[in-house]
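Chains Z and U supply the protein sequences, listed in that same order.
1 is the number of the first residue of the first sequence in the numbering used here; add one for each residue after it.
1001 is the number of the first residue of the second sequence in the numbering used here; add one for each residue after it.
Derived by calculation from the structure, the hints in this document are not laboratory data.
A virtual CB, placed ideally from N, CA and C, is assigned to each residue, including glycine.
Worth double-checking, as some hints may not be accurate.
To be verified - Computed footprint of chain Z on chain U, listed as stretches where at least three residues anywhere in the stretch have a Cβ under 8 Å from a Cβ of chain Z:
hint : stretch
1    : 1024–1031
2    : 1053–1067
3    : 1098–1106
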Amino acid sequence: MATIPGLRRTFRLPWRTRAQVAHDVDDELAFHLDMRAQELAGQGVPAEAARAQAWREFGDVEGARRALCAADARWERSTRRADRLDELRQDLRYAARQLRRSPGFTTVAALTLAVGIGATTAIFSAVDGVLLRPLPYADADRVVALWQSDVAEGVERADVSPGNFLDWRDRSRATDGVAAAVPFGFDLTGADGRPETLHAWLVTEGYFEVLGARPLLGRTFLPEEYAPQGQTAVVLLGYGLWQQRFGGDRNVVGRTLTLDRRPYVIVGVLPPDVRYPAERDLWAPTAFAEEDRRVRSGGYINVIARLQPGVTVREAAAELDAIATQLAREHPRTNEGVGVTVVPLREQVVSEVKPALLLLAGAVAFILAIACANVANLLLARGSRRRRELAVRGALGASRGRLVRQLLTESALLAALGCAGGLVLARWGIDVLLALAPVDVPAGQVGLDLRVLAFALAASAVTALLFGLAPALRFSRADVRGGLREGARGGSGDLAGRRLRAALVVGEIALAVVLLVGAGLLGRSLFSVLRVELGFRPENRLAMQVFVWDQYDQPPQRVAFFEEVSARLAALPGVRAAGAVSALPFLESRIDIESPFRIDGRGESTAGQEPRAYATVATPGYFPAIGMTLRRGRLFEARDDAEAPPVALINETLARRYFANEDPVGKRLVLSVTGRPSPREIVGVVADTRQTALEAEPRPELFVPHAQSGFGSMTIVVRTASDPRALVDAARREIWAVNKDLPIYATETLDGLLDASVAGRRSSVQLVGSLAVLALVLAALGIYGVVSFLTGERTHELAVRVALGARPRDILALTMRDGLALAVVGLATGGAVAAALTRLLRSQLYGVTATDPTTFAAAAVTLVAVALVASYLPARRAVRVEPTRALQAP
Amino acid sequence: MAREPLDLLQGTLDVLILKTLSWQPMHGYGVSRWIRQRTDDVLAVEDAALYQALHRLERRRWVEAEWGLSENNRRAKYYQLTAEGRKQFRAEAATWRRYAEAVFKVLETA
């Protein structure tokens, strides 16, 4: 009999498959039946009868067989599961013990992973909240934004003119509704009697149906409410206004607001994420009149459309293109070269943030990869110290798979620690991200939710595999005898391992170089942008926009109003100059008027080919108030009034483009907008100014005196001696002293406007810059680790060298060479990768090429410096080696 | 075999198997033959039920099985008591004895 008691419990016998179970049962039963038949045959029963009797005595053989097979197979499976779990528990216990035993390693590795996972998770939460989340609209993939394109100007997405909107709406068949939103300001008279401007969207019939949006409370507008002069005026509240002004009161529906001195009934409240085209206070119904169809030049409305079911964006675009071509034929003066751009709403909504977010996502992926490489390196260094242990386990019968599983369990445990730390960092990182983000994100849309948590866990699992697999595969390939023999010497002379570690560090350095170069290019772009010649002086300038059309319906009244306000403001203590302008640089609500013009004395141009310029209305005080420089001639003066001959100022770009070889001063222009279409004499040329963005090249501009125009939408500019914010109240009092009912639409400082215009660029630089620094630190850690390890391995050799008379300097050079060699290879690799990748950044660069040599050189110098420091520390330790001690050691 | 064999009471078979194996490890056929001889064929132990009981005891880890070679050199599955099985047998045997005594007392006094 070949049984040893408890054999199965001591050693794990292989698991049986279902077929093996059945085979065992068959064998057992056959044995029984044969033995019984033999026994009976021995008693003289004939063979046939003996078999039959054996079967009969047994009972239901087939039934027993089936029952045994089923029960045994079930048992086999459940024990296998239990054993697997048991093994996992063992591995986890063992891994935990291993990690506890080397707290230094565990802390560094877990922190490194926490940084990688935390950064990745924070960025993912933003990507998820902003880019991946479905739009809050019904069948949102059928909603598109429509824009006017202008071939001549290279503009793809310009605001739409009412005429084009109406014709697109009326002629399009591919769409199931086209609607428009027009920005508008309502004057709200509050409880304190002080007028205040609320920002609103006026929307045309069907807007919310086209968008597919439902209100949070109440209802949207009824068809009859869109009709002009409807019986009762109605509004919807935006979520933000509802929260701020009404404290989220659910009974707000049905209440009345006094807007523009007229009662408006609140019919509903919109949810926080219904905000296309943008977050505003109020939504009110509007309709375009038939005469609006004639307004085709100068767009100012946002248009959306819902595609018919089954119609693709491409088909809709083709149809609208055809309509645009018809319109160009019908209205050549305004519509020549004007097309339609169809943009899926999702793309429209995310297009602003997408490049920046993808840039960040790429950068954090690099960080995670560097963190993984670092931890893999730490594991490899540790593993070569653990070879003996693993060889022993292998010798005792642990299979390779089992060893890999055990090593991976250790990695997974490390990753879990990293994940826990990463989530803490991510929470903090998300706050930083939201604080830096220049785009407004609806409240609660970015944060640590379940999806983000799942992502962090998945990232950790992938991380564990990434950094754990290479070491696990390496060390489980246990050459048992070699491992045991070599174990005494701590596994030196392991060439393949050293190569793998060097490759990992080179990879890290390369990734760090790419990030450094990227951050450098963005930083230099920001620097170039900030050094752009503005053409005016932004510091100590206060701006307040007012719309006076309703208060003063005659141009002379408006002229008088701004003259008086300017005079009062200029007389304020602390004010150096005051004036007013229709289009203040960098103010979002500025009024841009683009107008064709003709130069007196030159022939008529063909329709659509006339020279065009942006026309701005300004008071004489505006130029000193904003600090604009005069290049030739003179500025506006008090004498340029309504009775005086019409005059104009032009900027350098216009002068260069249309008066290349002659002096424009004294020439005359004929404008088709603003004031009388009589010729205006050019009295001076002013410096070019940046108008909408620092990056946007100056465009041809001309100025008309306010006294000869009487324009009603003006921004008052005050130049102060010190901080302009201190003068806000005093300035408002002066304006209200002239007209106590006038709402002040926007109050800004020019510095603030400029800051806001570069906020996105600045936050990109800050975020990518911090990530690059992080990458640099991690790469330095990697270099430090490898050089320490190599130096430790060479202690013996270095001691011999010292004994033979090598000077400290020689030892230092010898050991630092390792670190430097890694840095140089990494630098070359990273430089090549960066040169290929920075091309993707091109759209975000300004004043610097994607392969800017200065930036690449600076990144290289930084990296080499860091590599020197990182390898100096372990090298210095090597120099202090005492030859006698080191040579005596085994 | 004049009289009808008695049907087994619930749980009896397990005790009988444990008792049988308490002598020495045995294959299923051995257990079957041993029980038949010891009870003089009074108890009707159907082999189908016996094997199911053996496997059930194995799953409860009261017995464990190893494949070995039989007396006539055939592959056979040998069962032996585990420590736990031995403990279980002692407990069940005691219960059985008390039960049988009680029944016996009742029958005697009647």
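(request) Just pull the numbers of the violated hints for me, sorted ascending. (result) 3
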